[in-house]
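A.B. asks: Sequence:
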Amino acid sequence: MTDLPPPTKDPAGFLSAALAQGADGAALRLMAEASGCRVHDLGAVDAAALAARAALQAAGARALAASIARGAAPMLLIAATGAEGARYQGALTEGLMGYERIHVDVSAPSQPHGLALILILPPVEVNRYWGP
Numbered sequence: 034m035t036d037l038p039p040p041t042k043d044p045a046g047f048l049s050a051a052l053a054q055g056a057d058g059a060a061l062r063l064m065a066e067a068s069g070c071r072v073h074d075l076g077a078v079d080a081a082a083l084a085a086r087a088a089l090q091a092a093g094a095r096a097l098a099a100s101i102a103r104g105a106a107p108m109l110l111i112a113a114t115g116a117e118g119a120r121y122q123g124a125l126t127e128g129l130m131g132y133e134r135i136h137v138d139v140s141a142p143s144q145p146h147g148l149a150l151i152l153i154l155p156p157v158e159v160n161r162y163w164g165p
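Residue numbers (the working numbering): 34 to 165.
If you are wondering where the hints come from, they were derived from the structure by calculation, not from laboratory data.
Watch out, some of these pointers could steer you wrong.
[To be verified] Here are the simulated distance ranges between beta carbons:
| # | residue 1 | residue 2 | range |
| --- | --- | --- | --- |
| 1 | Ala81 | Pro39 | 29 to 39 Å |
| 2 | Asp79 | Ala99 | 37 to 47 Å |
| 3 | Gly104 | Ala80 | 34 to 44 Å |
| 4 | Ala84 | Leu63 | 29 to 39 Å |
| 5 | Ala92 | Arg120 | 29 to 39 Å |
| 6 | Ala92 | Pro155 | 11 to 21 Å |
| 7 | Ala105 | Ala81 | 32 to 42 Å |
Here the structure is a predicted model, which means the values were calculated and not measured.
Every residue, glycine too, gets a C-beta built ideally from N, C-alpha and C.
Sequences are here, hints too, so could you generate the full structure?
C.D. replies: Okay, here's the thing in structure tokens:
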């Protein structure tokens, strides 16, 4: 089992390294948990309802990002996209535009069991609006 880069210091590297491990969900879960993440499975994405599913999962990720406490563990959400990874990523990214603490990556289209990873990082500073 390969160590993953720290998710809070290198989110893109973390997601790329996690996807490079292949489609073994159990191994990916163990590596992500060893890196300090809380891992949640979103299930399979249906090609017929891809845009609606991506919009729903983007809304869920935004809600989680808004409610995660400063200093909490990062959250990794895993969705099985199959061959629809690129379309799913496009729809999901559109729903997450402007959210700096949410990072998304999908496995290469050549991989038969495609995965989408959504990494939600906790805030690192006090919210200026609400104060300490």
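A.B. asks: Each of the hints needs a verdict: does it hold here or not?
C.D. replies: Hints versus structure:
1. Ala81 to Pro39: 29 to 39 Å: holds, 38 Å
2. Asp79 to Ala99: 37 to 47 Å: Violated, at about 27 Å.
3. Gly104 to Ala80: 34 to 44 Å: holds, 39 Å
4. Ala84 to Leu63: 29 to 39 Å: holds, 32 Å
5. Ala92 to Arg120: 29 to 39 Å: violated, 18 Å
6. Ala92 to Pro155: 11 to 21 Å: holds, 19 Å
7. Ala105 to Ala81: 32 to 42 Å: holds, 35 Å
Figure legend: structure checked against the earlier numbered hints; hints not met, in rising order: 2, 5.
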